[in-house]
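Chains as they are written, first to last, in my numbering: chain G, 1 to 721; chain C, 1 to 226.
FYI, nobody ran anything at the bench for these hints, they're computed from the structure.
Some hints could be false.
[Claimed, not checked] The calculated lysine-lysine pairs, modelled on DSS-like cross-linking and capped at a C-alpha distance of 30 angstroms, are:
id	chain 1	residue 1	chain 2	residue 2
1	C	K36	G	K307
2	C	K40	G	K310
3	C	K70	G	K317
4	G	K176	G	K589
[Claimed, not checked] Away from chain C, derived, C-beta distances all over 12 angstroms, residues of chain G:
id	residue
5	I15
6	K186
7	K187
8	D274
9	S330
10	Y405
11	H407
12	T413
13	W488
14	E569
15	K640
16	V643
17	K661
18	K672
19	N692
Think of the CB as a built atom: it goes at the ideal place given N, C-alpha and C, for glycine as much as any other residue.
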Amino acid sequence: MSLEPQEFEELQSKIGRKPTSTELQIVAAEWSEHCSYKSSKRHLKMLPMKGPLVITEKGYDSGVLDVGDGYVVTAHIESHNHPSAVEPYGGAATGVGGVIRDILSAGTRPIAIFDGLRFGNIEKDQQARWLFKNAVTGIADYGNCLGIPTIGGEVEFDDCYENYALVDVAAVGFGKKENLIKNHAKKGDLVVLLGGSTGRDGIGGSQFASDSLESEDRSAVQIPDPFIEKLIIEAILEARNQKLIHAMKDLGGGGLSCAISETADALEVGIEMDVEKVHTRESNMHPDEIMVSESQERMLIVTSKTKLKKLQDICKKFRIGCSVIGTVKSDNQMHVRKGKKTFANLPTDVVANATLLDLPSKKPAYLNDIEKEKKLKPISNYSKILLKLLGSPNIASKIWVYGQYDHEVGIRTVVKPGRDASVLRLDNGKFLSAKIDGNPKQCYINPREGAIGCFEEACRNVVCTGAKPIGMLDHLQFGNPKDPEIFWTFLESLKGLTDFAKDFKIPCIGGKVSLYNETPAGPIKPTPLIGVLGLIDKTPLIPQRITNGDCLILVGDTKDEMGGSEYFEYIHKFIGGKCPAVDFAKSKKNMKSVLDLIKKQLLKSAHDCSKGGLAVAISELCMTNQVGCKVSLEKVPGQKLDVDRLLFSESHSRYLLTVDKKNLKKLEEILKNNKVSYKQIGVFGGSEIKFNKNSKPIIDLRVDKAQKTWVNSLRDLVLYG
Amino acid sequence: MKVGVIVFPGSNCDRDMYHVLTDVFNLDAQYYWHEKSLSKNIDAVILPGGFSYGDRLRAGVIAAHSPIIKDVQKMAKKGIPILGVCNGFQILVESGLLPGVLLKNESLNFMCEWTNLIVENNKTPFTNQFKLHQKIPIPIANGEGRYFVDDDTLKQLKKKNQIVFRYDEIVNGSSNRIAGVCNEDGNVVGMMPHPERAVESEINPIDNKPSSLIFESLLTKIGVSN
Numbered sequence: 001m002s003l004e005p006q007e008f009e010e011l012q013s014k015i016g017r018k019p020t021s022t023e024l025q026i027v028a029a030e031w032s033e034h035c036s037y038k039s040s041k042r043h044l045k046m047l048p049m050k051g052p053l054v055i056t057e058k059g060y061d062s063g064v065l066d067v068g069d070g071y072v073v074t075a076h077i078e079s080h081n082h083p084s085a086v087e088p089y090g091g092a093a094t095g096v097g098g099v100i101r102d103i104l105s106a107g108t109r110p111i112a113i114f115d116g117l118r119f120g121n122i123e124k125d126q127q128a129r130w131l132f133k134n135a136v137t138g139i140a141d142y143g144n145c146l147g148i149p150t151i152g153g154e155v156e157f158d159d160c161y162e163n164y165a166l167v168d169v170a171a172v173g174f175g176k177k178e179n180l181i182k183n184h185a186k187k188g189d190l191v192v193l194l195g196g197s198t199g200r201d202g203i204g205g206s207q208f209a210s211d212s213l214e215s216e217d218r219s220a221v222q223i224p225d226p227f228i229e230k231l232i233i234e235a236i237l238e239a240r241n242q243k244l245i246h247a248m249k250d251l252g253g254g255g256l257s258c259a260i261s262e263t264a265d266a267l268e269v270g271i272e273m274d275v276e277k278v279h280t281r282e283s284n285m286h287p288d289e290i291m292v293s294e295s296q297e298r299m300l301i302v303t304s305k306t307k308l309k310k311l312q313d314i315c316k317k318f319r320i321g322c323s324v325i326g327t328v329k330s331d332n333q334m335h336v337r338k339g340k341k342t343f344a345n346l347p348t349d350v351v352a353n354a355t356l357l358d359l360p361s362k363k364p365a366y367l368n369d370i371e372k373e374k375k376l377k378p379i380s381n382y383s384k385i386l387l388k389l390l391g392s393p394n395i396a397s398k399i400w401v402y403g404q405y406d407h408e409v410g411i412r413t414v415v416k417p418g419r420d421a422s423v424l425r426l427d428n429g430k431f432l433s434a435k436i437d438g439n440p441k442q443c444y445i446n447p448r449e450g451a452i453g454c455f456e457e458a459c460r461n462v463v464c465t466g467a468k469p470i471g472m473l474d475h476l477q478f479g480n481p482k483d484p485e486i487f488w489t490f491l492e493s494l495k496g497l498t499d500f501a502k503d504f505k506i507p508c509i510g511g512k513v514s515l516y517n518e519t520p521a522g523p524i525k526p527t528p529l530i531g532v533l534g535l536i537d538k539t540p541l542i543p544q545r546i547t548n549g550d551c552l553i554l555v556g557d558t559k560d561e562m563g564g565s566e567y568f569e570y571i572h573k574f575i576g577g578k579c580p581a582v583d584f585a586k587s588k589k590n591m592k593s594v595l596d597l598i599k600k601q602l603l604k605s606a607h608d609c610s611k612g613g614l615a616v617a618i619s620e621l622c623m624t625n626q627v628g629c630k631v632s633l634e635k636v637p638g639q640k641l642d643v644d645r646l647l648f649s650e651s652h653s654r655y656l657l658t659v660d661k662k663n664l665k666k667l668e669e670i671l672k673n674n675k676v677s678y679k680q681i682g683v684f685g686g687s688e689i690k691f692n693k694n695s696k697p698i699i700d701l702r703v704d705k706a707q708k709t710w711v712n713s714l715r716d717l718v719l720y721g
Numbered sequence: 001m002k003v004g005v006i007v008f009p010g011s012n013c014d015r016d017m018y019h020v021l022t023d024v025f026n027l028d029a030q031y032y033w034h035e036k037s038l039s040k041n042i043d044a045v046i047l048p049g050g051f052s053y054g055d056r057l058r059a060g061v062i063a064a065h066s067p068i069i070k071d072v073q074k075m076a077k078k079g080i081p082i083l084g085v086c087n088g089f090q091i092l093v094e095s096g097l098l099p100g101v102l103l104k105n106e107s108l109n110f111m112c113e114w115t116n117l118i119v120e121n122n123k124t125p126f127t128n129q130f131k132l133h134q135k136i137p138i139p140i141a142n143g144e145g146r147y148f149v150d151d152d153t154l155k156q157l158k159k160k161n162q163i164v165f166r167y168d169e170i171v172n173g174s175s176n177r178i179a180g181v182c183n184e185d186g187n188v189v190g191m192m193p194h195p196e197r198a199v200e201s202e203i204n205p206i207d208n209k210p211s212s213l214i215f216e217s218l219l220t221k222i223g224v225s226n
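Use the sequences and the hints to build the structure in full.
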């Protein structure tokens with residue numbers, strides 16, 4: 001966990017002398033993959049980052065979108081994978097804490113949390129169950145205490161995460177445009193460390209996260225304290241209102257080393273600091289430890305001498321630490337002292353800008369024939385198969401998870417978790433819709449199409465609430481980038497996302513790259529996670545209760561694309577087959593048409609069709625509304641397909657619309673005009689989920705029986721194994 | 001007509017409550033930091049939900065020792081309407097203003113869900129507009145929300161009409177399905193569910209009218225016509 005030999009030489013030649021031990025620690029933290037993005041940075045530039053609503057400021061850790069009337073929305077995504085795999089409670093909790101402080105850094109109040117959780121096979125693996133249970137509790141205890149609602153996310157289990165965990169947290173903030181912190185600093189300004197004390201926890205955390213997970217280094221995991229974080233949020237927003245903050249940065253990976261060097265580099269100044277002034281949790285901490293400790297709940301603030309007193313008064317009110325640790329200089333140096341003795345004195349641009357790598361890539365051999373399908377065992381009873389899928393960990397209701405998260409606090413949550421995307425009301429009368437989606441099963445089979453699929457799925461989800469996608473967050477999680485085959489999958493995913501973002505004019509407003517997600521058993525499947533934010537100008541589509549006689553419309557073609565489907569992987573234990581691909585032109589047309597129908601208030605609800613295919617998506621509608629449905633499979637738009645394809649294909653760009661009979665004509669007119677592929681495939685009523693094909697019964701399942709399985713199976717699995 | 005909203009370190013429903021009092025019910029509300037004194041001319045006091053002191057030791061127990069609680073106790077004696085919601089209820093219990101104790105939910109988990117309350121006492125300043133046994137759809141969000149009293153105290157509570165709200169179904173294992181209680185005089189009320197999350201139709205998926213009656217009851221009590 002230190003510099004590579006060539007990096008050491010590079011540092012030595014750049015500064016023209018031998019680095020001190022403190023300097024080595026600082027540079028090793030900042031040049032780690034986690035902080036420097038050295039493997040990915042030159043490629044990330046391909047993503048479109050600009051758009052009419054995007055506001056860019058220097059030194060921001062979160063993306064900012066103008067939502068009109070003088071208001072902005074901020075958003076960011078982070079992961080805490082290595083720590084959560086070792087200590088799931090603390091790892092997941094501090095993951096929430098870190099991303100919240102990124103939102104706060106821009107001067108906005110955090111208003112929502114989303115989490116994407118991935119673990120090994122919890123049906124077989126006790127360790128995975130333990131990781132899952134404790135990560136959920138960690139997120140709940142932290143987010144609930146802060147009073148920030150956790151309003152969405154996803155949970156997935158796959159053998160590739162055995163003995164590992166992916167814990168991704170996204171957060172959204174809201175505030176007035178005029179209150180955004182415009183980071184600036186001038187000579188003589190003071191550098192203040194605010195919040196929790198600096199301790200020996202999380203030492204070397206960023207380097208720990210920049211290597212394969214082989215040791216359970218628990219001391220590299222930080223300790224969460226949501227109460228202090230809550231006090232910091234309120235103190236900082238009070239300081240913001242009084243205009244006391246010139247510049248601000250969260251202390252995350254790399255601790256003070258990164259915060260100081262990156263702040264100085266972004267603002268083109270120097271910072272001189274004294275480690276003796278840092279309020280520490282224990283005495284006798286070495287300067288090296290103070291500089292790289294990743295103790296949580298700390299913020300770095302630049303303020304002026306005249307404003308210091310007011311800032312201190314606010315900290316006193318909230319009883320949080322507030323130490324003046326340094327001053328702003330004009331020399332572009334990062335100068336670390338202990339009393340009078342210098343421990344490090346480095347040019348900030350050297351520290352903050354690691355040399356970027358240009359890693360080789362090569363198409364993995366396994367991809368050559370993975371999209372070929374094998375012969376599957378014939379299915380005799382599709383009702384049984386559907387019930388089995390509804391109770392499977394990836395498809396079962398996640399109410400056991402989101403029921404532990406306060407998703408109402410803040411009184412903004414208009415569409416609650418458990419639906420397609422959650423919707424928040426904003427102070428200007430508009431609504432924000434947001435969703436995160438990943439699909440490692442498809443990304444493994446086809447990294448490009450899989451990544452595009454995640455992006456489109458997140459878009460579909462916000463579209464189902466009536467929102468137009470306005471921004472995207474990407475979180476790219478892969479194995480060791482020095483393996484050319486893994487790096488190839490990274491590049492393919494990134495290129496796919498870039499193409500989709502450009503074509504759909506959805507700017508990437510923030511993101512994160514997490515590499516080295518491996519254990520001695522091997523790398524994870526490529527796991528890009530995509531968050532999409534959507535804006536609703538007037539009325540969101542809040543799903544209305546579906547009743548007898550309502551019509552079920554399917555928009556979009558169902559194709560023979562079974563690769564990575566839950567049906568192949570969970571039922572047939574087969575990894576392979578053709579990965580679903582998004583047709584950009586059709587996708588756009590379907591999206592636009594659904595938004596059109598919602599705007600004209602013709603729909604009772606709109607539901608995305610994804611994991612588990614049509615059979616699962618229709619069952620979800622039946623179970624949430626406690627109503628049966630009769631579906632005629634021969635009417636499903638697209639080519640003629642076998643029954644299992646029709647039921648379980650996970651083709652993209654499909655929407656299930658429910659409409660009152662009286663609005664059917666108007667709806668069909670619009671869909672026809674837009675030349676969208678659609679059909680009425682069923683009618684709601686009765687108390688069974690029924691699928692027929694040319695009048696031949698295929699599935700007949702009682703709604704209450706299906707619901708019991710769907711609602712309880714995940715909880716039962718966690719509690720009783 | 002002034003309503004004081006007390007803010008403890010870690011309160012997190014204070015802003016929601018303030019919004020409902022001012023923007024929905026046009027009341028004059030004012031925040032009070034826990035170290036300040038309550039103004040003499042105050043007409044009602046609300047202790048909002050949240051995690052005062054991060055729920056350390058036990059939910060509400062540290063906040064119950066805040067300087068402002070002395071003022072709250074004085075006001076309680078004077079008969080001024082006082083409402084504690086969620087963590088506010090826990091603080092009122094810990095400060096001795098209300099009987100009983102709040103334990104961890106039977107599931108041992110934090111629970112956030114919509115439930116139904118039944119009004120059992122419609123004589124308090126926060127329930128005088130309800131019909132007896134009226135139902136209120138309302139969300140709960142707590143980890144330590146299981147109200148517990150011993151059998152003798154329960155008998156006393158029933159006798160003195162101190163049970164204000166009960167859950168329609170078993171939610172968390174509370175004694176007698178109790179969701180809210182009042183003091184003997186009826187002016188101090190504590191409840192675990194969150195009325196401030198239920199009074200606006202935009203965020204209430206069921207019916208926002210019943211929970212609004214909690215605030216309309218207060219308006220009637222302190223003599224403001226809405």
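Just double-check G:H407 for me: nearest Cβ-Cβ distance to chain C has to come out over 12 angstroms. violated, 6 angstroms
Please verify whether G:K176 and G:K589 have alpha carbons no more than 30 angstroms apart. It is violated: about 34 angstroms lies between the C-alpha atoms, which goes past 30 angstroms.
Closest CB of chain C to the CB of G:K640 still more than 12 angstroms away: holds, 41 angstroms
Status of G:Y405, Cβ more than 12 angstroms from any chain C Cβ: violated, 6 angstroms
If I take the minimum Cβ distance from G:E569 to any residue of chain C, is it greater than 12 angstroms? Given a closest Cβ separation of 30 angstroms, the condition holds.
G:N692 and chain C, when compared Cβ to Cβ, separated by more than 12 angstroms: Label holds. Min Cβ-Cβ 33 angstroms, cutoff 12 angstroms.
Beyond 12 angstroms from every chain C Cβ - status for G:K186: holds, 34 angstroms
Regarding the assertion that G:K661 does not contact chain C, is the least Cβ-Cβ distance greater than 12 angstroms? Holds, since 24 angstroms exceeds 12 angstroms.
Taking the minimum C-beta separation from G:T413 to chain C, is that value above 12 angstroms? violated, 6 angstroms
Since G:I15 was said not to touch the interface, does its Cβ keep a gap of more than 12 angstroms from each Cβ of chain C? The assertion about G:I15 holds, with a minimum of 44 angstroms to chain C.
Test the statement that G:D274 is away from the interface with chain C: the closest C-beta pair must be farther apart than 12 angstroms. holds, 30 angstroms
When you check the alpha-carbon spacing of C:K36 and G:K307, does it fall within 30 angstroms? holds, 24 angstroms
Comparing the model with each numbered hint stated earlier shows that hints 4, 10, 11 and 12 do not hold.
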